[in-house]
Amino acid sequence: MPLLFAALALIALVGAAGVLLSRNPVYSALSLLLNFVAFAVMYVMLSAQFLGVVQIIVYAGAIVVLFLFVVMLIGGNLPALGRGRRAYVRAAGVILAALFLLALLFGLARPLPNGLAAVGAPDGGSVQALGLALYVDHIVPFELASILLLTAMLGGIVLARRYQAPPKD
Amino acid sequence: MSIVLLSILKSLALIILLLTGFAYLTYYERKLLARFHVRRGPNRAGPFGLLQPIADAVKAIFKEEIVPGHVDKLIYIVAPALSLIPALVIFAVIPIAPDLRLGGFTLQFHVADINVGLLYLAAIASVATYGIILGGWSSNNNYALLGSLRTAAQMISYELPFGLLLAAIILTTNIGREAGTLSLIEILNQPRPWWLWLWLWLAFPMFFITMLAESNRSPFDLPETENELIAGFQVEYGGIKFALFFMAEYISMITGSAIMATLFFGGWRGPFADPGTWYGPIVGFGWFFLKVVALLFVYIWVRASVPRIRYDQLLQFCWKVLTPLSIGYLVLTALIVVFVG
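Protein chains in written order, with our numbering: chain S, 1 to 169; chain X, 1 to 341.
None of these hints come from the bench; they were simulated from the model. Because the structure is a prediction, the values reported are computed rather than measured. Just so you know, even glycine gets a beta-carbon here, dropped at the ideal spot from N, CA and C. Relax, there's no trap hidden among the hints.
Listed below are several chain X residues computed to face chain S (Cβ distance under 7 Å; list not exhaustive):
hint	residue
1	Leu119
2	Thr129
3	Ile133
4	Leu149
5	Ile156
Generate the whole structure from the sequences, applying the supplied hints.
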């Protein structure tokens, strides 16, 4: 098991590095895909099959496909990508990365929250357990999050819609 | 360790079965299309042209491998395999015959009983797009790129009604029991009341349309429309790499038929397919095979009789007709499960 985890972690890291280091955006998207798939397998190993499958459906099946779609539409070969960036962009990147690292270290240094044992139990990641948690115990935050997503979707539609003149006759 | 070995053997047997099935599906299709066109179809190689698929396979394998100079080599070579693998692995969760019990030994005729089997179908179907998208992009050809853009839009759009209908089928597994199931094997083992069968068959035409679109079959073969895109995503492919794309399309027809046979027509169930007897698996596989062949006939029938639709019609039909219909079906199914089940 630890060996399998190490191999998967390595694959996930290679994928993550590939996203950053590839010059070609299509290769970046594919590295991201590799990363997502490695994580999906890790979820399955943690007996959270539902999460693993949903990770594939949502991230590998929809989001990366849309990335590829956009990259193809604007042209896969952008020679200017990564060059000629302003200095403040780089500075902002470094500061954001440092803040993220700080948050990560802070989270790791704290003791683990209560209730994690239930998640790690053999049936903790099953569809039934997840369904009970989402639709019974935490129904209000869950529905609020879905309303937030709906609002974002409506906003996207409003922004993307062009004004159409009514037909003349 | 023996479980691993058994799974490997089962997977091998399944792959051989599927590849043979692919070869003879091309023969079946050509013969049937010939009937629809009032001609004879392949009849030269062997009796009734039965050796034609083998001749085609030999031809594809021994063709010279050409990698055009302007392609993105790595992805160009990987893409055909990426499109074939999902079509093959989806079969792992489909039970093709009842269990065989010999003494204390039980042989199950499926590779894996995953407790999220139906979602596994959706997951594999959603990554099946990559082969075609990447094949078209790496070819570095405008026609191929247009073909793969169409694939991306088409398959993502049709996954929506596909997923909604799957959700409705998952809901019906709740009827008359404490908790539903996502495993295909358990769904097959649940007895369904007759009115539930009728209700499910109401969804079958919609489900069949999404399967047609997911496997890029006519009238939804917009990614390769030979009259406007000269073959779309596969225009730069030849020899065995082209054959792999071809294989992926036909094997996804077989897996699509197998999924529909399992979800809507009871899979291996039929008269005399009794689990636990020595003849059960043979008769059960026979029923399964017959159902799959009948559904494949419908695929080919549709191809022979319906003209290809325009691309904007394809997307409009999905978003303005099929998706609202399947949302309505899902809501009605939920009501039935709550008030009747």
